[in-house]
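Here is what each chain is made of, one letter per residue.
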Amino acid sequence: MLLRRAGDAAIIAEFSEALDPRAAARARALDAALVAAAPEGLVETMPSLRSLLVRFDPLRISGRAMSVLLTELSRDLPDAPATAPRRFEIPVCYEAPFALDLDEAATRLGLPAEEVIARHCAPTYTVIMVGSFPGHPYLIGLDPALFLPRRVPPRTRLPAGSVGMAEAMANIYPQETPGGWNIMGRTPLPLFDPRWEQPALLAPGDEVQFKRIAAADFA
Amino acid sequence: MTLHIEEPGLFSSIQDLGRVGHMRIGVPPSGALDPLALRAANAVLGNAPDDAALEMCRLGVTATVRAESLRFALTGADAPATLDSAPIAFWRTYTARRGQVIAVGRLRGGAAYLAVRGGFALARVMGSRSTYTRAAIGGFEGRRLAAGDALPLRLEQAPEGRERALPHPVPADRARPLRVILGPQTEMFTDAAFRTLLTESYEVTRDADRIGLRLKGAPLEHVGRKEIVSDGNTTGCIQVPGDGQPIALLPDRQSVGGYAKIATVITADLHRLGQAVPGSVLRFEAVAPEQAESALWQLERAAAETFAAIREL
Numbered sequence: 026m027l028l029r030r031a032g033d034a035a036i037i038a039e040f041s042e043a044l045d046p047r048a049a050a051r052a053r054a055l056d057a058a059l060v061a062a063a064p065e066g067l068v069e070t071m072p073s074l075r076s077l078l079v080r081f082d083p084l085r086i087s088g089r090a091m092s093v094l095l096t097e098l099s100r101d102l103p104d105a106p107a108t109a110p111r112r113f114e115i116p117v118c119y120e121a122p123f124a125l126d127l128d129e130a131a132t133r134l135g136l137p138a139e140e141v142i143a144r145h146c147a148p149t150y151t152v153i154m155v156g157s158f159p160g161h162p163y164l165i166g167l168d169p170a171l172f173l174p175r176r177v178p179p180r181t182r183l184p185a186g187s188v189g190m191a192e193a194m195a196n197i198y199p200q201e202t203p204g205g206w207n208i209m210g211r212t213p214l215p216l217f218d219p220r221w222e223q224p225a226l227l228a229p230g231d232e233v234q235f236k237r238i239a240a241a242d243f244a
Numbered sequence: 025m026t027l028h029i030e031e032p033g034l035f036s037s038i039q040d041l042g043r044v045g046h047m048r049i050g051v052p053p054s055g056a057l058d059p060l061a062l063r064a065a066n067a068v069l070g071n072a073p074d075d076a077a078l079e080m081c082r083l084g085v086t087a088t089v090r091a092e093s094l095r096f097a098l099t100g101a102d103a104p105a106t107l108d109s110a111p112i113a114f115w116r117t118y119t120a121r122r123g124q125v126i127a128v129g130r131l132r133g134g135a136a137y138l139a140v141r142g143g144f145a146l147a148r149v150m151g152s153r154s155t156y157t158r159a160a161i162g163g164f165e166g167r168r169l170a171a172g173d174a175l176p177l178r179l180e181q182a183p184e185g186r187e188r189a190l191p192h193p194v195p196a197d198r199a200r201p202l203r204v205i206l207g208p209q210t211e212m213f214t215d216a217a218f219r220t221l222l223t224e225s226y227e228v229t230r231d232a233d234r235i236g237l238r239l240k241g242a243p244l245e246h247v248g249r250k251e252i253v254s255d256g257n258t259t260g261c262i263q264v265p266g267d268g269q270p271i272a273l274l275p276d277r278q279s280v281g282g283y284a285k286i287a288t289v290i291t292a293d294l295h296r297l298g299q300a301v302p303g304s305v306l307r308f309e310a311v312a313p314e315q316a317e318s319a320l321w322q323l324e325r326a327a328a329e330t331f332a333a334i335r336e337l
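Taken in sequence, the protein lines are chains A and B.
Each residue of the first sequence is one higher than the one before, starting from 26 at the first, in our numbering.
Each residue of the second sequence is one higher than the one before, starting from 25 at the first, in our numbering.
Just chain B, with the same shape it has in the complex (with noise of 0.2 Å):
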């Protein structure tokens, strides 16, 4: 029982909430770029929330359905999709039955997710079914899927019951300005260099994929020297190269990096920027990290009400 890939879209991978605790081996947390799409999709399908999913990248999957009947979700940045050829809704289950084609299009932000009860019946490495390209770690051969690849399944055939939908999407809100923390090398940037990245707007350039995302804007000056003994990178961090345009981190980043950093995206804004793709435009705004943590908290507590308002349709 798999799911068969016939078209692979752009970047397709298995991800779960990421691979911790191996950083100081070198290993990144890889992991969904909008892990909030994903519990979202494991919730409804009432999968533990950290069940591995199909993330696609900008561009979605067409795949057969190759088991008795399968019960999936979609989630994230919105997508035509259909189901044969019948048009299908995000952010709610529908179950397929055998030969039945899934096909997600051109996604409207930067990843959307396909979640499947009962999850992929594929193996943790070490503790993560996530991909990890780069080192060929985790997920489906610890690779981006390809045409022809079939997805081992872990349920035969959809349970009894009914289809459950989210209240609503989860909050993407593309407007606002992603919040960040100043630093950790608040030191080594001018003031005019904070302001600049605080009134400025900075466009994702081509050059974005899962390890991070370069963008082009008003150049960031540097006070003196431009690079640091290296240190450890984390996700959303914004390190400024020598050429003054910012590269914001992602899930796949290295583990370490040599750049002075001048801002870091907080948690609670991770899954926005996780959904930037080349032409969105980024503005940032700095708060207190009492002000991150607020805001973590006030994020999870809207995930928990509507995950709780999930409902029978």
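Next comes chain A alone, as it looks inside the complex (with noise of 0.2 Å):
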């Protein structure tokens, strides 16, 4: 683990330079561990791809005492976690007009359409970060076989509910939103509303399974 200062009020723990599954599980349990300890002066943590960040008041907490108290708890990480992961079924329609770039995405990887349809849908993925929009989960565990960059240049708008991917990973887009990835279809399951007790409905460590549905069930 690397602790970076970002700031005076926020520290870094880093597991790796790379995106890493096992140095995200790490971020979660650091995260677990440091809100169960519930130090005075922590203002908020967000465990992402492969770090965590934590804010905290420096009129409360010295960075240092921060510091101290995370590489503290760094050394006794469990390797999973106390509790069993949520899952979640997404229903996802893979048909036009929800399907922007299945055609594109299949010729350029040499697949059937069906083919990434089916290996789109067959892992469980795990949610290794939700950021730069409200509740938009990124997900990993994406069949190597549908690896493909990100469209250049990015589309302006992408609609609401839209199942993407791109390299390694996959991902929801809650809101309307421009965006780079290759949309494979469309969810009609909310994922982020600001009057829900838990706004977004996918957190960190969470598992997701994909749902084909028809066109005439997407509602």
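Since the hints were made in silico from the structure, they are not lab data.
Careful, some of the hints might be misleading.
Unchecked claim - Short, incomplete list of chain A residues facing chain B, as computed with Cβ under 8 Å:
id	residue
1	G32
2	A35
3	P72
4	R75
5	S76
6	L78
7	S87
8	A90
9	F158
10	H161
We put the CB at the ideal spot given by N, CA and C, even for glycine.
Fit chain to chain and form the complex, with the hints in mind.
Structure (structure tokens):
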């Protein structure tokens, strides 16, 4: 673990320089340990692809004290989370007009569209980060046969619910946003609502499966 | 009882001290660009420190009081202001009667605050009244203000009592460099890049909003690769894309980002960063984390002394 000072009010605990599922799991474990320790002055935490961002109030805890605490907690992290991950089934329609890039992706990958869909549906994905936009999950577990670069240039508007993939990850756009990922389909399931007690459906560590639905069932 | 917006200014929105605890689900803190000026407005009015106020960027609002009476205060970047047509000052309270018009002109800085006694009657969303326009969260309908908006007030009339004033503006000190802690990605920049950052001046370009300030100046050179696998952003971090031109991030920034960050503006200077506008010239000075902490203690002591010296007129 490398501790990086991100100003006087934040520390990034980094477990890898690369996208690494084990690093992300370590970051989540440190997150759980830190939240349980609840030190005075802790403001908020954000587990992400390979690190944990820790924001604190420097008037209530010094950066030095926070660093010492993080180092202590990191020595004794469990390999597996204390509780089983939550599992979600996300309905996805892989048909027109939702599957914006399915045919192009199939051509570039040299696979029939049906096989792309089958391979996209098959894995159990893990939410490795929720970020960039409210409720926006980054998922790992994508079949390597589906790895494709991002679209250049990105689209200026993607409809809410668009289910995409780029490089080694899959994602779901909760709101209409610009975006460069390859869009395989769309889910009717809302992923973010500020009125919910937990405004984001998904949290880091959750497991996700895509369930194929017909356009007639998209509602 | 409302404050009726006649002219909305350039980018006016409701902001408080920010939305804490939701970065982990992709929601940035938002909140006042100049939190110290917002706190000063609430202090002089006798509001809670985290009450929401109307934040104006670069150009002020014109608004009509549609309540029996309204006590208000202006703080932050100085601007010509009037109540009906009489000039009014910043850093003190006034009481307006029904139908009177508060008008704020062009700001000599990035952000000014129009706060009202008792606050605006707006619901907290995810713990805060701050507006985050990108996700249409908080504030007034989750968006910047428009002509015709009627901002609901919590009080029908101003309480009895004399007007109050701060003894002086809260520190702004535009001339001195912004203090930064180097990093988090110190190893990704050349030694020359750090020398350049700490000796050259950077001008704020027109590409400046509540998300961040694109700066223009001597390019900052990366050692090798220019991007990182995304990790967390903080307000005040200075990220450097491949073209070497830095971008300083502000409260509506994305929660994560993939550009390497060369330095981070310290908490005690964020209110000064928030006052930058296109054309502002920024300089940076490196400090150790311990110096940043004592700077924050000093700033808080100064703020407490200033607020304790609020006097009746």
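Check: If you check each hint against the structure, which ones fail?
Finding: Violated: hint 8 alone.
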